[in-house]
Structure formats: C-alpha cells, structure tokens
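S.K.: Below are the chains, spelled out letter by letter.
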Amino acid sequence: MIEGVSLIEILSLTTILFFIGVYGFLTRTNLIAMLMSLELMINAEAINFVAINKYLSPAIMQGQVFSLFIIALAAAETALALAIILHLFRLTDSIDVKDVEELKY
Amino acid sequence: MDTFDYIYLIPLIPLLMFLFLGFTARKIKEPVSGYLGTAGLLAVFILSYYTAYKYFFADGLVDGKYQQIRVMLKEGWIHFTDKLAIDIGIIIDPISVMMLVVVSTVSFMVHIYSLGYMHKDPGFSRFYAYLSLFTFSMLGLVLASNLFMIYIFWELVGVSSYLLIGYYFEKPSAVAASKKAFIVTRFADMFFLIGILMIGYFGQSFDFMTLNSESTISMLNSWIANHQVASFLGLSVITWALILIFIGGMGKSAMFPLHIWLPDAMEGPTPVSALIHAATMVVAGVYLVARLFPMYYHIEGGAALRVVAVVGAFSALFAAIIALTQEDIKRVLAFSTMSQIGYMMMALGVSGFDGYEGLGYMAGMFHLFTHAMFKALLFLVAGAVIHAVHSNFMKDMGGLHKYMPIASWTFLIAALAISGIPPFSGFFSKDEILMAAWEYNKIIWFVGFIVAGMTAFYMFRLYFRIFHHKDTQYEHPPHDAPANMSFSLIFLAVMTMAVGFISFSEYISASLKPFHSHIHWGSPLVIGSIVIALVGIGAAYLMYYKETEYPQKVAAAFGTTYKWAKNKFYVDELYMYVTHKIIFDKVSKPIAWFDRYVIDGFMNLLGVTTLGIANRIKFLQSGRLQDYAMYFVSGVVAIIIIVIYYK
Chain A
1 MIEGVSLIEI
11 LSLTTILFFI
21 GVYGFLTRTN
31 LIAMLMSLEL
41 MINAEAINFV
51 AINKYLSPAI
61 MQGQVFSLFI
71 IALAAAETAL
81 ALAIILHLFR
91 LTDSIDVKDV
101 EELKY
Chain B
1001 MDTFDYIYLI
1011 PLIPLLMFLF
1021 LGFTARKIKE
1031 PVSGYLGTAG
1041 LLAVFILSYY
1051 TAYKYFFADG
1061 LVDGKYQQIR
1071 VMLKEGWIHF
1081 TDKLAIDIGI
1091 IIDPISVMML
1101 VVVSTVSFMV
1111 HIYSLGYMHK
1121 DPGFSRFYAY
1131 LSLFTFSMLG
1141 LVLASNLFMI
1151 YIFWELVGVS
1161 SYLLIGYYFE
1171 KPSAVAASKK
1181 AFIVTRFADM
1191 FFLIGILMIG
1201 YFGQSFDFMT
1211 LNSESTISML
1221 NSWIANHQVA
1231 SFLGLSVITW
1241 ALILIFIGGM
1251 GKSAMFPLHI
1261 WLPDAMEGPT
1271 PVSALIHAAT
1281 MVVAGVYLVA
1291 RLFPMYYHIE
1301 GGAALRVVAV
1311 VGAFSALFAA
1321 IIALTQEDIK
1331 RVLAFSTMSQ
1341 IGYMMMALGV
1351 SGFDGYEGLG
1361 YMAGMFHLFT
1371 HAMFKALLFL
1381 VAGAVIHAVH
1391 SNFMKDMGGL
1401 HKYMPIASWT
1411 FLIAALAISG
1421 IPPFSGFFSK
1431 DEILMAAWEY
1441 NKIIWFVGFI
1451 VAGMTAFYMF
1461 RLYFRIFHHK
1471 DTQYEHPPHD
1481 APANMSFSLI
1491 FLAVMTMAVG
1501 FISFSEYISA
1511 SLKPFHSHIH
1521 WGSPLVIGSI
1531 VIALVGIGAA
1541 YLMYYKETEY
1551 PQKVAAAFGT
1561 TYKWAKNKFY
1571 VDELYMYVTH
1581 KIIFDKVSKP
1591 IAWFDRYVID
1601 GFMNLLGVTT
1611 LGIANRIKFL
1621 QSGRLQDYAM
1631 YFVSGVVAII
1641 IIVIYYK
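Line by line, the protein sequences are chains A and B.
Under the working numbering, read the first sequence as residues 1 to 105, first letter to last.
Under the working numbering, read the second sequence as residues 1001 to 1647, first letter to last.
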C-alpha cells in the first residue's frame, strides 16, 4: 500500500505501459525493438500482480511470488530471443522481420 | 472315453505335411516331396483303419447302440453369449469313422497314383502340398464336432479345391474354372452361414450332439408349435434354417441349380478330379445332411428332408441326361458324379429313422462309400487314358483295350459297379436306395429307376468308345500306366468288388442302432433294377461296340432335346444371362452410378469446398510477424469486448 496512490492509478499506469508495448510490437520491424516492447508488456503484468496483491489481499504473498517468477522467466526468454536474433543476423545480415517472411503460402 | 485321444493326429499329420512341403517346395525336388506326402498319408491311412476297427469292432457298440464320442480339444473357443460358444472338438460316430476310411483310402491312392501321373511336372512339390492341405481340410470337416467347425473346414476344402482346379494356372480356362468353382460354392456358403446362425440362435448350440439330441429337437418343435405366425411359405423359420444349410450342401455337392462349377472343375489335374470332385469333397453336402439327419427328420415332420429328396432326385435325372450326350470323358464322369450324389441325397431324403425304416439313410451312406471307390477308380483310369492318348475327347480314343489291358479291366469293373450289376459294390448300395425310394414315393423311385438305366448306358458308352469301338491309329502306341499308377487302379478295383459285401446296416443307421437288411433276390424290384441296367448296357453295346450309325440316328430322333442336353440345358448361359444382363446391367450398374456420382460426388463436394475456402483465405498466411500479432491482438480485443458486453 502506497500512501496517496490508489489502485486505479496504478492499474492505469500498467495499462498504458502494456499498450505502449503492444504498439511498439506491432509497429517496429526491428527485432530488438520488438523484444523491448515485449519486455514492457511483461513488466506491466508484473506490476499488476504486485499491485493487486498488495491492495486487495495483503495477507498472502502469491502475487509477489508470481512477479518474481515473471522476472526470472523474462530474463530467460530474453536470453533465448537474443540468441535467435543473433543466429538470424548471421543467416540474413539483418534483424528486420520484413526480411524474413519466407514462411508463407 | 480317453481311448480315442490320438484322433487329432489324423488331421494334424497332413497339416504339418502341407506346411513343410509348402515352405520347402522350391528346395526339395520331385520324387522326395511326393514320397513325403505319401508317407504322411500312409500314416493317416493306417490310423483311420485302426480307428475304424477299434470303433466298429471293439469300443463303439455299447448296449446295442453305437456311441457318439466327442473328444474335446478346446472348450469354449469363441463365446457368443453365456450359453452359446464354439468349441473345438472331434466327433467319432459311425458316419465320421466311415468317412475317415473313405477319405484316407482315396487320398492315399491318389497320392500314390500322382507319383506317376505328375511325373516331370514343374509344380510337383506344390501339387503335393495342395493335396496335403486338401486332405487336412477334408479330414477336419469329417471330424468336426460342431457346425462352426464344419463351416471353417468347409471353406478350407473350398480353398484347396480352388487351388487345385487352378493348378495349371497358365491356362486361362483353368483359372476361369477355379474362379467359377470358388464363387459358386462361396455363394452357396453364404446361405449355409445364415442357416448356421439361425440354428445357433434357436437351438442355443452349435454342437452336433446337442442339436441332434431329443431335448433340443422337442424344444425346437414346441417352439414351432407356439409360433405359428413365424413362417414363410408355410414352413417355420427352423425348417428354413435347415434348408439354408442344405443349400450350402447343394453348392459343394453340385446339386441343381448350383452344379455349374463341377464340369468346369475338370480343368484340374485328373487325380484331383478323382479325389476332390468325385470321392470326397463333393459328398460333403451329403455328409452334412447325414450329420444333421435327426434334425432334418424330426423338425416339423421332415419338411426340409422332402426338399432334399426332391432336389436329389431331380439332380440325379438332370445330370444323367446331360451325361448321355457329352464327348469329353472327364465331363461325362463329372455329370455322372453329380447324378450319383443326387442319388445319395435322394436316399437321405426318402429315409425314415428307426430300424429298417432308416434304410435310405444307411443306403445313402453305403452308396457314398461304394461310389467313392468306383468313381475314384473311373477317374484314375480316365487319367491314365488321357495320359496315354493326350486328349480328353472320345473321338481321339478307341481300341485301347489291347494297348492298356489293366486300365480296361479296372474300368470295366468300375463301370459294372456303377451300373448296378451284382456282385459289384454299386449294385448293393443302389438297390437299397431304390428299395427305400419305393417305400417312400413311387415317382421318386421311378426317377431313380430311369437314372439307373441311363447310368448303365452312358458308362458303357464311355467304356466301349474308349476301349473298343474302332481301331484308332496312334502316333505313339499307348501303353499301360507305370506300376505306381496301376497299383492304385488295382487296389481300388479290388475295393470296388469287395466293399459291396459289407453289411452296412450292421454299422451305420440313422438312429445309431444296428439293424438287419438283406437283398430280396427274387423280388421284382431287384430284378427290375438289374434288368434296366442290362438294358442300358445292351443298348450301349449295340450302338458303340463297333462303329455304327445308330448314335446319329438316335440323336436325330431326339432332335432338340439332344441339342439341349448336349449344351447342358443352357444352364451356364442362363447364369451368364442372369449375372451379366440382369444383375450387372440392371442392379450393379445403377449402384455403381450412385456410388460414383452421389456418394463420391458428396465427398468431392466437401473436398472442393474446403479447397475453395482455403484459396480465399490463404493470403492471411503472409509470413509477416506483425500481421500475425495484429490478428492475435484483434482477436483478444474482440473476445474481451464480447466477454464484457455480451455476458
């Protein structure tokens, strides 16, 4: 519980954060930038977990444990994604998704 | 009773022989495989005669009645319901033991004979493998203790018959004949199967001993009495089941109108014709009726049995008329076989049950036994003649008596036997059939009587035209068959002369109780049947001993009838018409059209529609990651909107 800040404000913040992420994911064609947008979305969720846990049922810690998981998973996912991007770069000399659209009808 | 425990060896030995010869047919060469197969059959032969001796003279007769012994190999092999199950077992009773003797004797003789007949044939080992398969199936059929087992072996003999008819598979006519035999008998077996299932449903058993027991029969009869409505054409469903089973027997035994495969089956090697299409497999139908005889006799006052009598008598007459006109010696013999089997069926059909009234049953079985011996002999001699002359047709033969004395004398013995001249075996069995028919119905007796005369005539027509008639000049002078072939001929000729003196009624009867019957030498019936046989022989002598003009004159006098008989009354053509013009054109083609355009059309429609829709929406699969993300996000948004506003 933070003094002077209501749950609705925090949720507004995370919603904005999330949709910034969505916007970035849909508009940027650079894979690194898309990855960063993805991180924004994940972090918005993590904040959501913590905030809802803190405001609605402070007695149990599940939400905070979940956000810890999310952080760990996001790190792993980033490592994996970067490895894929690195390989892609070696294959195509580019990290732009527009250059890799062979997989279609 | 455990003393018959070895009995399973009898079918097992030929089965093992078949597997061994079948798997090694390419490795072991000509004489070895033949000797192996013959050795196996020798074992079967000895075991069968031992069984017959043991059964008839030592263990079988208890308190004046022959026991039916069941050796159970596996109880409850397949369960249908709690009560209804198929067992695997062997039944030993007078007729199965008698059939063991018939099958093993003829099969053994044919094995020996084929050593000479199939000499230098490229498929020698294959031939012996098939012969073993057939012997196994036939022995299994004879020993089967329930209807389902008999059905299994029934199909197995059908398969081995198919394989052996089509033995010369490079000949198109042999292939066609084997297919015809298989399809016709299979068509009949369909009815057989339906009959079995009906009997199983109403009788609550497939086992012969249970079905033939008094309790089952009275249960079925009271069922019929209580369900008068359940009838078709005035006969109850159980009688129809028996008739359906008889149709199966008609197919195998070449009764009219399912006889068309038998003449064509003569495409097979002649020893095969002797074994399968004269002595053993074709009498399976007779055996089947005899097996279920208490049911046939007692259910609904023997309605099904009357059908058997009429079909048998008609087939006997029908085939005898055709046999008078045929030119191919094997076909004459084939129609003669059909006629004689009709005789046996007729004998069963006219039979009573207890004691002397069961004369017909006994006579039918007796005739089966004697017929197997002399008809196998006739075929084997015909094989020897064909072997020597290289033709099936009578016009290429004549005057063979001086070249082939053994063949000639043995053929004469068999021909006298089938004509019913005492003291040869055929006389005794045929005469008892005629006696039984006389007691039953004068018309049926008269048919049998006429057929007896015709039989004598066509047999001696055959004999005179092959062995006398004219002095044909042969390129290679024919000579008697080698020792192994002649041995079979002489053995069977001795059997033909001897077996008539067995007093069959002491061993085989419908009620399993021995009774006494003997020929009344002075009675007009006996004298009449001898006279008609002599008339037939005399007519054949006049017409065929020397070349005369009588045959043409007689043929011309009969005109159309002769032409019809010569063309087998156009039954084949009728079948062709019915199958091609009616079934194929009027039934199959519309069904094929429906299948092609409606059923396939519907399936094609489904396929085409799917393809069309896929073509329209395939642009969605663009390969661009952002597009997919866009679809995904819009989907999520859509779902959220639906969840929020349309709850």
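Heads up, a few of these hints could be off.
Claimed, not checked - Derived pair list, reagent style DSSO-like, types lysine-lysine, alpha-carbon separation capped at 30 Å:
(1) B/1065 to B/1120
(2) A/98 to B/1618
(3) B/1179 to B/1513
(4) A/104 to B/1618
(5) B/1563 to B/1171
(6) B/1065 to B/1513
What the hints assert, rightly or not - Chain B is faced by these chain A residues, among others (derived, beta-carbon under 7 Å):
(7) 97
(8) 101
(9) 103
(10) 104
What the hints assert, rightly or not - Just the calculated beta-carbon pair ranges, DEER-fashion:
(11) B/1617 to A/30: 53 to 59 Å
(12) A/5 to B/1618: 47 to 53 Å
(13) A/23 to B/1605: 43 to 49 Å
Hints listed in this document are in silico derivations from the structure and should not be mistaken for laboratory results.
Here a beta-carbon is modelled for each residue, glycine too, at the ideal position from N, C-alpha and C.
S.K.: Within a Cα-Cα threshold of 30 Å, do residue 104 of chain A and residue 1618 of chain B meet the stated pairing?
M.R.: 9 Å, holds
S.K.: Given a cut of 7 Å on the nearest C-beta pair, is the interface hint for residue 103 of chain A held or broken against chain B?
M.R.: Residue 103 of chain A check passes; min Cβ-Cβ to chain B is 5 Å, inside 7 Å.
S.K.: Would you say the C-beta atoms of residue 1617 of chain B and residue 30 of chain A sit inside 53 to 59 Å of each other?
M.R.: For residue 1617 of chain B and residue 30 of chain A the Cβ distance comes to about 29 Å; the hint is violated.
S.K.: Does residue 1179 of chain B pair with residue 1513 of chain B here, judged by a C-alpha cut-off of 30 Å?
M.R.: 43 Å, violated
S.K.: Would the hint on residue 97 of chain A be counted as holding, given a Cβ-Cβ threshold of 7 Å to chain B?
M.R.: 5 Å, holds
S.K.: Sort out whether residue 1171 of chain B lies within 30 Å of residue 1563 of chain B, counting only the CA atoms.
M.R.: 28 Å, holds
S.K.: Take a quick look at whether residue 1065 of chain B and residue 1513 of chain B sit within 30 Å of each other, Cα to Cα.
M.R.: Given pair residue 1065 of chain B, residue 1513 of chain B holds - Cα atoms ~5 Å apart, limit 30 Å.
S.K.: Decide if the proposed pair is consistent with the structure: residue 98 of chain A and residue 1618 of chain B, CA atoms, cutoff 30 Å inclusive.
M.R.: 19 Å, holds
S.K.: For the pair supplied as a hint, residue 1065 of chain B and residue 1120 of chain B, confirm whether the alpha-carbon distance does not exceed 30 Å.
M.R.: 51 Å, violated
S.K.: Verify the CB-CB distance for residue 23 of chain A and residue 1605 of chain B against the hinted window 43 to 49 Å.
M.R.: 45 Å, holds
S.K.: Note whether the CB distance of residue 5 of chain A and residue 1618 of chain B lies within 47 to 53 Å or breaks it.
M.R.: Holds, at about 50 Å.
S.K.: Can residue 101 of chain A be said to touch chain B, with a Cβ gap under 7 Å?
M.R.: 3 Å, holds
Hints 1, 3, 11 from the earlier list are contradicted by this structure; the remaining hints agree with it.
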